[in-house]
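J.: Quick one: dock chain against chain with the hints and give me the complex.
First to last, the sequence lines map onto chains P and G. Heads up: the first sequence runs through residues 1 to 268, numbered per the working numbering. Heads up: the second sequence runs through residues 1 to 812, numbered per the working numbering.
Source of the hints: derived by calculation from the structure; they are not laboratory data. Incorrect hints may have been included.
What the hints assert, rightly or not - With the C-beta cut set under 10 Å, the calculated list includes, among others, these residues of chain P facing chain G: (1) Ala-2; (2) Ser-163; (3) Gln-186; (4) Lys-190.
Glycine is no exception: its CB is placed at the ideal position from the N, C-alpha and C atoms.
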Amino acid sequence: MAEPVGFFTDTSVCIGCKACEVACKEWNQLPGDAPQFRGSFDNTGKLDAQNFRHVKFIDLVPEASTVSGNGAAWLMMSDICKHCTNASCMEVCPTNAIVKTEYNTVYIQPDVCNGCRDCMSACPYGAIGFNEQTGVVAKCTMCYDRLQANMTPACAKACPTQSIQFGTLSDLHAKADARLATLKAQGYDKANLYGRDDSVYGGLGAFFLLMERPEVYSLPNARNAKLPSRNNFGGYLNGFVIAAIGALAAVVSFRKRGIAENGEGSAR
Amino acid sequence: MTNHWRDIKNADVILINGANPAEAHPVGFQWFMRAKLDPARGPGNGGGAKIIHADPRFSRTSAVADQYVRIRTGTDVAYFGGLINYVLQNNKQHADYVAHYTNASFIVKDGYAFKDGLFNSYDPKARKYDLTAWNYETDADGFAHRDMSLKHPRCVFQLMKAHYARYTPEMVQTITGIPKDDFLKIAQIVGEMGRPDKVMTIVYAVGLTQHTTGGQLIRSGAILQLLLGNMGRPGGGLNAERGHANIQGNTDHAISWEILPGYLKIPQPGQTGLDDYVKKSAAKKLDPNSWNFFGTNYKKFIVSLLKAWYGETATKENDFAFGYIPKPAGNSSWMSIYDQALQGKMQGVILSGMTATSIGPDSNQVLAALSKLKWLVVMDAFPTTSSEFWRGPGMTASSVQTEVFMLPTTHWIEKEGSFVNSGRWMQWKDQVIPPEGDSRHDHWILADLFARVKALYQKNPGKFPDPIMHLRMDYKDPIKPTFDELAREINGKYVATGKQVATFAKLADDGSTTAGDWIYTGSYTDKGNLSKRRNGVQDPAKNDPTGMGFYPNWAWSWPLNRRVLYNRASAELAGNPWDPKRPGIKWNGSKWVGDVPDYPPKMSPDDPKAWLPFIMNGEGTGRLFSNGMVDGPLPEHYEPMESPVTNALHASTSTSPVAFLYDKAAGRDNRFGTPSDFPIIATTYRLTEHEHYLTQQIPHLVQLQPEPFVEMPPGLAQEKGIKNGDIVNVRSKRGLMQIRALVTNRVGQLDLGGTKVWQVGIPIHFGFVGVAADMHPERSMNWLANALTPFVGDANSRTPEFKAFLVNIEKA
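Bound conformation, chain G alone (with noise of 0.2 Å):
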């Protein structure tokens, strides 16, 4: 999140695409609600802030909302697209706003041209864009060239215009399956967000993430932000709401592939040293008033961080041991790996806090993968379908050479530690009950594994034992590191003193610091474990002093205890609020007070020198059109990899042309199905009764939510002969689910420019393991949902397109 949980009360309008926060997030939902029924927000006069919802399924969530318009999963994209559109076309812009905070007027160099769906500079072959090809014009010293009249052809705000030009509401309509007049009413709303006095936040979750153009869904309404000037404000911004209690905190220390802890990139082959790689790898400065914050200081963490993980062997000498890193030849992320296990690749996998059997996509191609390996551990607090996958679906177990190890873990109950949630608090808690049994936590049994593979490496060393052998365990037990200890070791420290570093802005690149995660840095200092502070509403008027709910002495916030970032951009240009009723941060005449500033405390807004506001990125202003993405620099519909129409805006590029397609490249048969075959829309989603594929084993949660159904309107249920409660074959290209029919209309039909096509849904929860499993146990063979989805992900993240698939539905 941009912004946090509490932030969303002071909201006019609430935004919520791929998301379904009233089941999925019940306890943050609270400040929805308090927005809603607070009479001082909303639009035109007031009377409660209106929450607008579009989503494939009417959900929990839209049975509290304002507006519930039935969206086709995947194609927000276009939603997003109409609504910028109709901005752009009826001056609904924050002209102020966009001129001076974003990079609207930024001139793209010669050659940008979008056509057929394509940008310039593809590679059909390579299926890759050459994203130098989107760079700006630039100057001798680098500085981009800028129009600040935004009228120059090559501006980006004349590239963006006539690009969503073509989102007109009937386009919005032929691809979403949204009625126009519908949409308008929305439009509406959402364009009267770009007066500085209202403010609206847009919500998503993995509804947008999980597709095939899952980052260019989350840029739009980013860009919508941007454009209506509601981004760094408090009751704005982009907000994810995470999946997991401390999903957040698994991305910040890097639990994907391609990052090491606090977003630095992770280095590439071919990069010659520690000089190349942060040249290669830091934002340049674009324009004279850009700080270029993270670009200039790139150095100072990574030093920071090879002092934290090798300690005095990192020297500069030796380049702070920047040779110890691996550098991964190809991509390694989910799919990757079970893609090398299905290749026979792979010796081995241990599993840490997931089950990969329910989570990827295709399951039945996973379990083939698992079944390659020579051994899988599972590190869990219970038996899972990983740790069990020998008996899953269509799995002999008699022929699975796998061998599975299983080591019971602790569950988060069994421990203290911190979580940190969507809004980027960290928060401590408390161990509630001692572990159960021999179980150990994660971590110690990663430690013990670690100190045992060093001892091989003592005995035989090998071509290359330094990073193993000099990697700093400097804990009281190195086999069992304490959450302090590493809560400690996160914040980092000063080498010759050991004091704490207090923040990241004292961190330096000459070796004397250190840093796990210096977005950490501020979070364990002199005064303590500041993810411990529990100053709260106990005493409103004292701990939330500019009463927005910053509560700065409640638990800790990254960066620097700010709780809403790019927070300068919350003032004009002088250093006042837009709005004065939601300040966010304000320039008092010496210095910036309200939230911890995004800004240099005592930069004056009149200095001439005074930095732009976006100080993270190379341009210094928020990103209209970027040249980070893979698959363009501007938001493109695509259509999910399976889908029953073929692209109304471009037939001949009708999908995302640069997703990565594994099974191809890998020679395996195809695994997409087709519309005769498959047609019907389905999307996969979670139930407010359980989380994941935990509660399956809790007794309370599985009577609330028993046995895996099919969501399906009435009129498919009668062409299809099926009544509520039958059990049904759902099937797709990839596998099948045996499952109940629950009909209902909150699924439906899409008329989509003529063509009408039913859309599905089915929740994720269920498998072969668990107590409603042990209630069925052949018929639970035919519950993971992940049977269904394909193998294929996101351009850029290759997240899997877990929301939009093709199946058939029959009566079994």
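Chain P on its own, in the form it takes in the complex (with noise of 0.2 Å):
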């Protein structure tokens, strides 16, 4: 087993630049969407089967003429697939598709994938499409060739200004940590880690630091996180209510019968 690797997308250097959307493609062989304007800078719109990587860009700039950037008034942010520590789409698969590789990331085996679609709506992060050429599911695979071949993954080598780095888990932990204290000491009070700690899905293998609260990047804060195992218990007792009721009223439509047969029986 390697060491745990994986990406701290830092967005508070992050230019919308899109190297990293393009060097993904290119990669990964992918041919990407039909052209379409959206009524932003952002023309990708969402992580799907074709776009492993998102730039999504928040317009936040008042309309005030002076204002400081620094990242906070226009946010970019490099989305990916977040390699969580407990991933949802792994809970759902039904065919073991899912699984973790020896560089504690999330992979999706294209053989064993039968194309259920289960892990797209498990997905919290929307991160997972289906293609429709092959007829399985696809999403980030953190470039697991370019890592066997002790290569950095495609997007973190064309990101020209150090938003998207690799590396193992520890050293990113590290960098980011140095990076949000200075941010606070410059007054960024909102900046803040997301997927650093286990607060979301145990930790994520691709973390962030981001310049607003989780929310406006529309992402799940930790409070409501929640794996879909966490409707297992409900989900059970709701069957064991459900089996019970019907139990109940086999037994008591079973007596009417009785009765009524009974009844018939004594009105003939």
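T.: Spelled out as structure tokens, the structure:
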């Protein structure tokens, strides 16, 4: 087992150039979706089977003519599969197609996937998409093939400002802590690390430095980051109650039929 | 760039004007971020360099800048003027530097005046100044009078102090729209950069260049840097970001009409011979301690160039074939070519590496010009809006007489050669994939064409065949010169031995040396092609001995592998660096060490004859005041040709009094709009997702930005009943764009002394050719951004005023 690796994406220095998106598509041979204007600088729209990286643009620029940017007014965030420690997709996959690799990343084995798409609805980040051509789902592999060749994943390699950093998680955690401390010292009180600790899905293999609360980026916060299995107890209980009610109803109905039959019989 | 990309990491403050490096130069932008993330940099006690971005739009650069200010496009002279005034009024200038390293002490000759927006010597009929009116007062030897106390009423320092006194923070607010308080916050940070232990870099791009006052916008930045003592220092300088991987190489090798390779002037009609040309072109020595290196050696450089071109035909007896060089009778800049075509005076045009239809201002007028040609040759790797112009907007293919030849050329990825980046680094690159189909290199097409023209002259010599017949094409295969052969030729050699010349200091005016471009002499010596060197970050301790990021054995930088120009000015008079932590060069007692010195390597600072620091001009100092610009010796704010307001400084001279007005001169109808018809200020720009027009052929990039749009503020959108994503008609006096509305606070309203004006922005990359155009064949006819821009340019360079014009916007 190799040491766990991952991405630290520092949104405070992201310049929204989308080199990560293009490098990812080039390496993973993804043709991409048909061009479509979507009303902002974000014309990719979402993570899916064609887009394993997606730069989100969140325009909070005030009307005033002067403003300090510093990554806090026009938010740019290169989104990606979070490679969760406790991954929802893995939990729901009926064929065990989704596995943890030797790098502690979450990987979908295309030859084991049966295309049921349960993982797509389970993923709280919408990171998985269905590929109509192959008939199976796909998402970021953290360039599993490159990792095996000791190469940096394509997106991190292409990032010009070191917004996307790749490395061992322990190194990245240290770098992230230092960067957060600097920003706090500069007065960016809202800056926070997302997925650095285990408060969301047991910690994220791809974690972030955000300049706003997670909700602003449409990310579940620690309070509502829940695994599909959270429903298990209630689900089982529900099933049990329904089964009990069913059994009871059956008993009652049989009993009633008996009564009726008897009644009828007695009437006869 | 006076400095280079990596050097930006050395700055305490990064002042960005007329540029959007995060989008246009994302890879180079890493150095901005390194400075920002380096706690040792920054004003005050450090904590990271401060990035200050003044721009009409809040761009992706602004998004990571420490301070963004919304400035009205084309008013940076007033912004810089305000900063200069703040520095002067508060004595924030680097006093020693200003006294000894600038021309502040030079005395201008009597008669200098500036009134109502006009300098002395203006001829309103010719719309021209007599530049000699701005000469210095000189002694019998031709040396300028100086007053080292800077108190003489006609010394440059006093003249500029008076000139800039009008640029008060209030005036800056009225002209630029930047609130006074925000401006003063910036001024305070900038003012601190006059301290020797602090340094600021100014970064600009075509947002300064592409205005009728473009040259003066840039000079304003240079003046500020000279006052603060930041020129010549690591982390300082005035740094132009170039718009192509090799546009710096293009410029150095004379892509523009008014120069020969190496910034030698193009000969003028009436110049009787080589000596007359040199006398009229080379700078004169204006101070006994001025080396005047360029002026003094001008003849060596032009003779070596002529020897490279004409070989043994160029002899002392025939003035080294000086008579073979064309002497243009008139301006031949970009717009002049299409102006001539419009007037029916051009037979044909050959386009190489650019598409006229997209890149020129007033594209409807350019399309009309192309349709008046007999023939048009387009050399390109892909179909372009020029090779396809006959089916462009407003064209009826059947009535276009122009015969169009499309010659497929190789793309840069299909050939080796060199790129010269913004920082003047000549870096060799390899061929990545072989050429496709029948495509050829552009220079092979030209060489073949030349061979065929020569054959025609051989058959029928005509009046003056010599310049054609004697031009040296001394390559193994004259119609297929290799890039290696060209690189050797550009460097130059000794005629007698054939050995490569190691430095331009060895070039001679007796015909014994050649140099295809003297500033590149030293790039390809007997040690080989130095642009191939790659000793970089694999071993910083060894490859960057000073730690300042010079990496002297990485590629090669002109001139002479010098990484920071004017670096003598990085050290004080005695030879110690102004800032010991950021040395450029220093005197170690016997020689200058550090970067390659911009100075004689062994000239002691104690030598009474020690040259002044700026060795390339006649003064020997940086020019705060210059008689080299056709529109004034000091920058002055003039309104863009199309502006919603009159000039707040002088209403009677609102726009540039010397900008050349093509349509008027040619008797064509006026094509400038008025604010009553077109009340909205517009500017054009690039997006990081595209590179000019070429990437319209790349599906992955078209997906990222699939359609043109106009960024407009919510208030304006509301006024016009426009919603985000609506298709709108953007009109100027000249043309129409039919594009999407992108409603955002990133653009906004300006308060110009009570007049409130909207400002919008439009990206340049789209047209009627390419992946996106094929998806929208009808709408894409109105996707050329330059359909809106005016056919007028900078008074000096005639670079078009792409960046400031008036439009109106309505829902389509």
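J.: Taking the least C-beta to C-beta distance, is Ser-163 (chain P) closer than 10 Å to chain G?
T.: 9 Å, holds
J.: Measuring from the C-beta of Lys-190 (chain P) to each C-beta in chain G, is the shortest one below 10 Å?
T.: 16 Å, violated
J.: Would the stated hint for Gln-186 (chain P) survive a check requiring a Cβ distance to chain G of less than 10 Å?
T.: Gln-186 (chain P) check passes; min Cβ-Cβ to chain G is 7 Å, inside 10 Å.
J.: Measuring from the C-beta of Ala-2 (chain P) to each C-beta in chain G, is the shortest one below 10 Å?
T.: Hint on Ala-2 (chain P): violated, closest Cβ of chain G at ~25 Å, above 10 Å.
Hints 1 and 4 from the list above are not met by this structure, while the remaining hints are.
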